[in-house]
Amino acid sequence: NAGVTQTPKFQVLKTGQSMTLQCAQDMNHNSMYWYRQDPGMGLRLIYYSASEGTTDKGEVPNGYNVSRLNKREFSLRLESAAPSQTSVYFCASSPRTSGGAPYNEQFFGPGTRLTVL
Amino acid sequence: KQEVTQIPAALSVPEGENLVLNCSFTDSAIYNLQWFRQDPGKGLTSLLLIQSSQREQTSGRLNASLDKSSGRSTLYIAASQPGDSATYLCAVKGSSNDYKLSFGAGTTVTVRA
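Chain order of the listed sequences is Z and L.
Take the first sequence: its letters are residues 1 to 117, numbered as in my numbering.
Take the second sequence: its letters are residues 1001 to 1113, numbered as in my numbering.
There's no promise every hint is true.
Unchecked claim - Derived lysine-lysine pairs resembling PhoX-like cross-links, with alpha carbons at most 20 angstroms apart:
| id | chain 1 | residue 1 | chain 2 | residue 2 |
| --- | --- | --- | --- | --- |
| 1 | L | K1001 | L | K1068 |
| 2 | L | K1068 | Z | K57 |
| 3 | Z | K9 | L | K1100 |
| 4 | L | K1042 | Z | K57 |
| 5 | L | K1001 | L | K1100 |
No lab work stands behind these hints, which were simulated from the structure alone.
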């Protein structure tokens, strides 16, 4: 089991460029999440997908879009990158969003380090 | 809005000393609390998850306690080793249907050989 995988690991963009961050999980989890991590701050939720076919906004969705391509894959798109989007992006998955442990325990990918110049 | 705080932001101890990491949260109505480890440049690894009905969870040298009424959790790492050097984050889930984890900023631990 690879768990949660993310590509690319590093990316440098110029302001205004677009890109898509890819995430896949092989644990047959229903729910997937995108977070960003900034220095001195905890992780903040950008978007999540409770189940295949559904997506919802988190705390900081502005400037991002997501696609739940199938049960395994959940992508994050930056349409017009801005320097404020320089961050480390983490994808996570859980068996589902609700219910008791272990159903809502989240498992994280290794992250994508994005710099926007 | 749930606020999660981890103090201190950084900690340095000699090898063999017990580590005590603190996590506090403002809304005591939590569903569960999860402790993670993050190595430099890496993702998060789940260490322990405590349901709100539990007082503690143990895994090897790790023990996490939860006091919901006072809004605190403590992660104890016994007999620290240089390999325990990492950033430790705590995160809380508000309710069973809550999709979101509220994270603290983490405590960065250095264990000196």
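Verification of the supplied hints:
1. K1001/L / K1068/L: Roughly 16 angstroms separates the two Cα atoms, so the pair holds.
2. K1068/L / K57/Z: Distance of about 28 angstroms is beyond 20 angstroms: violated.
3. K9/Z / K1100/L: violated (24 angstroms)
4. K1042/L / K57/Z: violated (25 angstroms)
5. K1001/L / K1100/L: With Cα atoms ~12 angstroms apart, K1001/L and K1100/L stay inside 20 angstroms; holds.
Of the numbered hints stated above, those contradicted by the structure are hints 2, 3, 4, listed in ascending order.
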